[in-house]
Amino acid sequence: MLGDATKIVRVFLLAGKEYVCLMQLHSEVPEPILRSIFEEFTGEIYQKPPLRSSVRREVRRRRIYRFVLLEVDAKHVLFRVACEAGTYIRKICFDIGEALGCGAHMRELRRTRSGALVEDKGMYTLYDLLNAHTAFKEDGDEEMLRKVVRPMEEALELMPKIYVKDSAVDAICHGADLAIPGVVKLNTDVKSGEPIAIFTLKDEVVALANALLPAEKIMEQEKGVAAKTVRVMMPAGTYPKSWRS
Amino acid sequence: METVLPWEVKREYAIKEEAETNPEYGCSPYARNISNHLRFGLINLDKPPGPSSHEVVAWVRKILGISSAGHGGTLEA
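Which chain is which? The protein sequence lines are R and D, in order.
For the first sequence, our numbering begins at 182 and goes up steadily by one.
For the second sequence, our numbering begins at 13 and goes up steadily by one.
If you're looking for bench data, these hints aren't it; they were derived computationally from the structure.
All C-beta atoms, glycine included, are put in the ideal place defined by N, C-alpha and C.
Hints are supplied without guarantee of correctness; some may be wrong.
Claimed, not checked - Taking lysine-lysine and the DSS-like style, the derived pairs with C-alpha atoms no more than 30 Å apart in a straight line are: (1) 22(D) / 328(R); (2) 59(D) / 272(R); (3) 59(D) / 74(D); (4) 74(D) / 302(R); (5) 22(D) / 404(R); (6) 188(R) / 346(R); (7) 22(D) / 383(R); (8) 22(D) / 346(R); (9) 328(R) / 59(D); (10) 366(R) / 342(R); (11) 372(R) / 22(D); (12) 59(D) / 256(R); (13) 409(R) / 22(D); (14) 188(R) / 302(R); (15) 328(R) / 188(R); (16) 302(R) / 59(D); (17) 74(D) / 188(R); (18) 272(R) / 229(R); (19) 328(R) / 74(D); (20) 422(R) / 383(R); (21) 59(D) / 229(R); (22) 422(R) / 342(R); (23) 366(R) / 22(D); (24) 188(R) / 383(R); (25) 302(R) / 22(D); (26) 22(D) / 398(R); (27) 318(R) / 74(D); (28) 22(D) / 342(R); (29) 22(D) / 188(R); (30) 409(R) / 346(R); (31) 59(D) / 318(R); (32) 188(R) / 59(D).
What the hints assert, rightly or not - Residues from chain D that face chain R, not an exhaustive set, calculated with beta carbons under 7 Å: (33) 15; (34) 33; (35) 46; (36) 80; (37) 81; (38) 82.
Can you make the complete structure from the sequences, with help from the hints?
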């Protein structure tokens with residue numbers, strides 16, 4: 182994340198992830214048994230963070246959305262897993278080994294998705310970045326740079342959104358909470374207490390916030406506070422200060 | 013398997029009011045000038061396995077000649 186876009190980091194910390202993992206079993210296990218173990222590990226699981234981790238070491242619940250066996254070769258098992266943020270894949274491999282009885286450990290891991298960003302679409306290397314920047318500096322060609330560097334709004338594609346009137350924008354940029362009269366349109370799955378993104382009608386992000394009311398109430402009510410502003414993304418003054426109009 | 017993954021959810025909109033936006037201020041994310049495009053930009057970077065994320069971010073800053081950049085979580089397996 183560049184410049185002011187670094188403020189978006191919380192979106193990645195909380196976002197769902199997808200990985201491809203190579204697990205090594207400590208003895209060969211027939212495929213049907215592997216598949217049934219994978220099914221057992223789909224849904225809600227319990228995990229305690231490993232010794233070397235920066236979070237509090239207490240048991241926590243995590244959701245495994247999908248667990249797919251890709252390939253088995255003797256003791257090597259390749260799988261794809263989609264899970265909630267903060268899930269330790271290394272621990273899952275260990276726990277699978279325990280459940281099977283023979284033991285297992287994680288050999289290799291590659292993250293294929295973090296929230297809205299995926300590896301097979303729009304992922305670039307440092308070389309791509311260098312080439313893009315050189316093309317810009319030497320030939321004034323912005324095209325590649327605009328492909329390699331994406332607008333920060335793309336990271337918010339999966340978040341429920343509330344769109345606001347121009348007149349409501351600057352107050353929010355100063356930290357004000359979002360009042361219902363400022364709302365133009367919103368996703369129907371906005372839920373009370375959940376993170377949302379506040380957008381202008383030009384599709385720019387204004388701020389990250391927590392909804393204080395569900396979508397139905399925001400639609401029904403004429404007054405009240407719709408969301409509590411948590412992180413302002415847009416510089417104040419981008420939109421004019423606007424008093425009650 | 014019936015689970016809908018969080019990134020497969022189809023979102024719908026409810027419109028509360030009709031409103032227009034004034035073209036005189038603000039800017040669509042895809043119409044930003046290059047300087048603002050970088051200022052409000054992110055890179056989906058395939059990080060090489062050797063160097064630390066910290067080093068890689070430093071390289072990105074150097075390549076682009078910007079003073080501020082960060083990362084949103086790197087996988088170090």
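Taking the hints in turn, this is what the structure says about them:
{"no.": "1", "hint": "22(D) / 328(R)", "verdict": "holds (26 Å)"}
{"no.": "2", "hint": "59(D) / 272(R)", "verdict": "holds (23 Å)"}
{"no.": "3", "hint": "59(D) / 74(D)", "verdict": "holds (16 Å)"}
{"no.": "4", "hint": "74(D) / 302(R)", "verdict": "holds (25 Å)"}
{"no.": "5", "hint": "22(D) / 404(R)", "verdict": "holds (29 Å)"}
{"no.": "6", "hint": "188(R) / 346(R)", "verdict": "holds (23 Å)"}
{"no.": "7", "hint": "22(D) / 383(R)", "verdict": "holds (21 Å)"}
{"no.": "8", "hint": "22(D) / 346(R)", "verdict": "holds (24 Å)"}
{"no.": "9", "hint": "328(R) / 59(D)", "verdict": "holds (17 Å)"}
{"no.": "10", "hint": "366(R) / 342(R)", "verdict": "holds (9 Å)"}
{"no.": "11", "hint": "372(R) / 22(D)", "verdict": "holds (15 Å)"}
{"no.": "12", "hint": "59(D) / 256(R)", "verdict": "holds (29 Å)"}
{"no.": "13", "hint": "409(R) / 22(D)", "verdict": "holds (25 Å)"}
{"no.": "14", "hint": "188(R) / 302(R)", "verdict": "holds (23 Å)"}
{"no.": "15", "hint": "328(R) / 188(R)", "verdict": "holds (21 Å)"}
{"no.": "16", "hint": "302(R) / 59(D)", "verdict": "holds (15 Å)"}
{"no.": "17", "hint": "74(D) / 188(R)", "verdict": "holds (20 Å)"}
{"no.": "18", "hint": "272(R) / 229(R)", "verdict": "holds (8 Å)"}
{"no.": "19", "hint": "328(R) / 74(D)", "verdict": "holds (19 Å)"}
{"no.": "20", "hint": "422(R) / 383(R)", "verdict": "holds (17 Å)"}
{"no.": "21", "hint": "59(D) / 229(R)", "verdict": "holds (28 Å)"}
{"no.": "22", "hint": "422(R) / 342(R)", "verdict": "holds (23 Å)"}
{"no.": "23", "hint": "366(R) / 22(D)", "verdict": "holds (16 Å)"}
{"no.": "24", "hint": "188(R) / 383(R)", "verdict": "holds (20 Å)"}
{"no.": "25", "hint": "302(R) / 22(D)", "verdict": "holds (19 Å)"}
{"no.": "26", "hint": "22(D) / 398(R)", "verdict": "holds (21 Å)"}
{"no.": "27", "hint": "318(R) / 74(D)", "verdict": "holds (14 Å)"}
{"no.": "28", "hint": "22(D) / 342(R)", "verdict": "holds (13 Å)"}
{"no.": "29", "hint": "22(D) / 188(R)", "verdict": "holds (26 Å)"}
{"no.": "30", "hint": "409(R) / 346(R)", "verdict": "holds (17 Å)"}
{"no.": "31", "hint": "59(D) / 318(R)", "verdict": "holds (23 Å)"}
{"no.": "32", "hint": "188(R) / 59(D)", "verdict": "holds (21 Å)"}
{"no.": "33", "hint": "15", "verdict": "holds (5 Å)"}
{"no.": "34", "hint": "33", "verdict": "holds (4 Å)"}
{"no.": "35", "hint": "46", "verdict": "holds (5 Å)"}
{"no.": "36", "hint": "80", "verdict": "holds (5 Å)"}
{"no.": "37", "hint": "81", "verdict": "holds (5 Å)"}
{"no.": "38", "hint": "82", "verdict": "holds (4 Å)"}
Checked against the numbered hints given earlier, the structure satisfies every one of them.
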